[in-house]
Amino acid sequence: MDQQKPSLSEFLELDDCEYDGQRPFITGHNRLYTTTCLPIYPKEMDVDSEGENDPEWLQNKTIMMIDEFTDVNEGEKELMKIWNLHVMKYGFVGDCQIPLACQIFVQHKGKELLLKNLYKNFVVHMCSLFDFGLVSAVCLYTTIQKLQEIVGETGAIRTILKESREAQMDNWSRSGNIFKL
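First residue of the sequence shown: 1, per UniProt numbering; consecutive thereafter.
Any given hint could turn out to be false.
[Unchecked claim] In silico lysine-lysine, PhoX-like type, Cα no more than 25 angstroms apart, as pairs:
(1) Lys-43 with Lys-77
(2) Lys-89 with Lys-77
(3) Lys-120 with Lys-146
(4) Lys-116 with Lys-162
(5) Lys-120 with Lys-89
(6) Lys-5 with Lys-43
(7) Lys-162 with Lys-120
(8) Lys-111 with Lys-77
(9) Lys-109 with Lys-81
(10) Lys-43 with Lys-81
(11) Lys-5 with Lys-81
(12) Lys-81 with Lys-61
(13) Lys-61 with Lys-109
(14) Lys-89 with Lys-116
[Stated by the list, open to error] Cβ-Cβ distance ranges computed for the label pairs, FRET-style:
(15) Pro-39 with Met-65: 24 to 34 angstroms
(16) Ser-7 with Ile-104: 47 to 57 angstroms
(17) Glu-74 with Thr-159: 18 to 28 angstroms
(18) Val-124 with Asn-171: 33 to 43 angstroms
(19) Tyr-33 with Lys-77: 26 to 36 angstroms
(20) Arg-158 with Phe-130: 24 to 34 angstroms
(21) Phe-130 with Lys-162: 51 to 61 angstroms
(22) Glu-56 with Arg-174: 41 to 51 angstroms
(23) Asp-95 with Ser-173: 35 to 45 angstroms
These are computed hints drawn from the structure, not numbers from a lab. Ideal placement from N, C-alpha and C gives every residue a C-beta, glycine not left out.
Generate coordinates for the entire structure from the input sequences, incorporating the hints supplied.
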């Protein structure tokens, strides 16, 4: 018994009647944006906007919407702007990514945060994240510790925080609401 060696050549051969029905190769494709399903025009092919999580218009809209809040102070607004733009830039989408977002935030925005005198606002923000179960106590502690290391490295930041504390103490003493420290 002579057995033939298995082959896929039968699929490559065209039947007699299939020569007419053969489709030509398509030289061009219609490319679409994955988020909008709109066509991508040839002049736009070199621009990679698919990886852009935070287009400028969305950043501006976010800032405008935060500025419209009336029930928060200016420091809280500024922190919300910095935090939301950070989350948009890096594309954090899940609760499990919040600890990483906090770590990167302090690395990249820690000095800016401190120079804008937003230390206390950030501590309250971290406590809120902890209260809602988005970060652990360890994450809260290490994030604040990293921020305090930045304070220790820069004299200008220490001066800003010292002046802020003195102004707060003066305000409390003038209003009669001072706590004995």
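- Message: For each hint given before, does the structure comply? Return the numbers of the non-compliant ones in rising order.
- Response: Violated hints: 1, 6, 10, 11, 18 and 21; rest satisfied.
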